[in-house]
Amino acid sequence: MSSDDGALLSATFWEAGYEHLVELVHQRDALAHRRLNSLDVAVYDAAGTRLGGAPVDPRLEVLDLSALVPELAASVDRAMVTFDARYDTRVFNYRPHHYAFLHRLGAETPPLYYAVNAVLGGVPDRIGATNINNFETYVFRRQPLGARFSVVLGNLARFATAEAQLFAYYGSERVARDVALGPKAHVLVEVASEREGRRLQRVEVKALFRLASYVVGRRVDSGDIVLFDHLFTYIK
Amino acid sequence: MTCPSSDPGETTDTGPTASLDPVLLCYCTNLTIGALREACRAGRWPLPGLERTGRLCTGCAGDLLYCLRAFGWRAR
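Residue numbers (the numbering used here), protein chains in the order written: chain A, 1 to 236; chain B, 1 to 76.
Just so you know, the hints here were simulated from the structure itself, not pulled from any lab data.
Careful: at least some of the hints might be erroneous.
Dumping the calculated SDA-like pairs for lysine to any residue here, alpha-carbon to alpha-carbon at most 25 Å [as the list claims (entries may be wrong)]:
1. Lys206(A) - Ala115(A)
2. Lys206(A) - Thr12(B)
3. Lys206(A) - Leu65(B)
4. Lys206(A) - Ala46(A)
5. Lys206(A) - Ala47(A)
6. Lys206(A) - Ser222(A)
7. Lys206(A) - Tyr114(A)
8. Lys206(A) - Arg55(B)
9. Lys206(A) - Glu51(B)
10. Lys206(A) - Val175(A)
11. Lys206(A) - Val187(A)
12. Lys206(A) - Ala192(A)
13. Lys206(A) - Glu163(A)
14. Lys206(A) - Thr161(A)
15. Lys206(A) - Gly171(A)
16. Lys206(A) - Arg142(A)
17. Lys206(A) - Arg69(B)
18. Lys206(A) - Leu68(B)
Make a model of the complete structure from these sequences and hints.
Dropping the structure here:
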């Protein structure tokens, strides 16, 4: 790597039955066509086993996970997909962003457009983040969504097991769940949308180090995904 | 740049194998496993400018602690 190279490791979760397109570089302007220096994509099952992966031509604008992943993950319903990017910090002076399009094949449910969770890197010294920020939150809308919810967590570490706590808040009540994930493992944790008449208001994930984390909402009737959004660090 | 496989399991009793030395450990400070191994061997960790490794996005903190233990680093 040169001294101008930055590195970013992002992750999302693929499920069978969805059109899932990832825009490798979201930033666009009229004067510059911005590209990554390199990108490696890898696919993991829930136990953290690497199912496959390959370098991707960084000139590619959109990567079709719905074409790429089923070949590698034919035996699983869900897989974690990692995006290991190198970029020139003079071109992306903050960091590149991957965005994705997600739509259930053949469904009338509207598609979703979401930001791929950047997990490692992209926080250069100059931004000045100095506090531990391994506490992430998702706040739900106040209006009923008519959906059932879950949180998907993935451990991007190479060697370390992650021990995390997932908290769900229903008014003043807090429901805690412990989660342990080996390297590159992931898990989907169902979260009740209501508890004793009180609606789910927010979820939090606390861990020693940062995990890939998404909130997933599915229509009660069809199961189509209507919410797919990564958790956020609100306090730095 | 293509890194070697990121599969877990490329470790021995003394930590990550040397084949993983080119692999990036901290994506915020660009620290590689090999650079950390060498710094620990030479008693020079943390290297100048890398004092905040593991403290920025925190994503590498687990692997950093694992490698520091495996490479015999002791806080002074």
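For the pair supplied as a hint, lysine 206(A) and alanine 47(A), is the alpha-carbon distance within the 25 Å limit?
Status holds; Cα separation ~21 Å.
Does the structure keep lysine 206(A) and valine 187(A) at a Cα separation of 25 Å or less?
Between lysine 206(A) and valine 187(A) the Cα gap is close to 15 Å, so the pair holds against 25 Å.
Is the hinted pair lysine 206(A) and glycine 171(A) satisfied, with a Cα-Cα distance of at most 25 Å?
holds (19 Å)
Checking one constraint from the list: CA of lysine 206(A) to CA of glutamate 163(A), max 25 Å. Satisfied?
Given pair lysine 206(A), glutamate 163(A) holds - Cα atoms ~9 Å apart, limit 25 Å.
Taking only the CA atoms, is the gap from lysine 206(A) to glutamate 51(B) under or equal to 25 Å?
holds (24 Å)
Just to be careful, I want the Cα atoms of lysine 206(A) and alanine 46(A) compared with a cutoff of 25 Å; is the pair within it?
Holds - the C-alpha atoms of alanine 46(A) and lysine 206(A) are around 20 Å apart, at most 25 Å.
Mind checking the alpha carbons of lysine 206(A) and arginine 69(B) for me, to see if they're no more than 25 Å apart?
holds (23 Å)
Take the C-alpha atoms of lysine 206(A) and serine 222(A), compute the straight-line distance between them, and say whether it is at most 25 Å.
violated (31 Å)
Distance restraint between lysine 206(A) and arginine 142(A), which requires alpha-carbon spacing of 25 Å or less:
holds (23 Å)
25 Å Cα cutoff - pair lysine 206(A), threonine 12(B)
With a Cα-Cα distance of about 30 Å, the restraint between lysine 206(A) and threonine 12(B) is violated, given a limit of 25 Å.
Given the proposed pairing of lysine 206(A) with leucine 68(B), does the C-alpha separation stay at or below 25 Å?
With a Cα-Cα distance of about 23 Å, the restraint between lysine 206(A) and leucine 68(B) holds, given a limit of 25 Å.
Given the hint that lysine 206(A) pairs with threonine 161(A), test it: the Cα-Cα distance must not exceed 25 Å.
holds (14 Å)
Of the numbered hints listed earlier, those contradicted by the structure are 2, 6.
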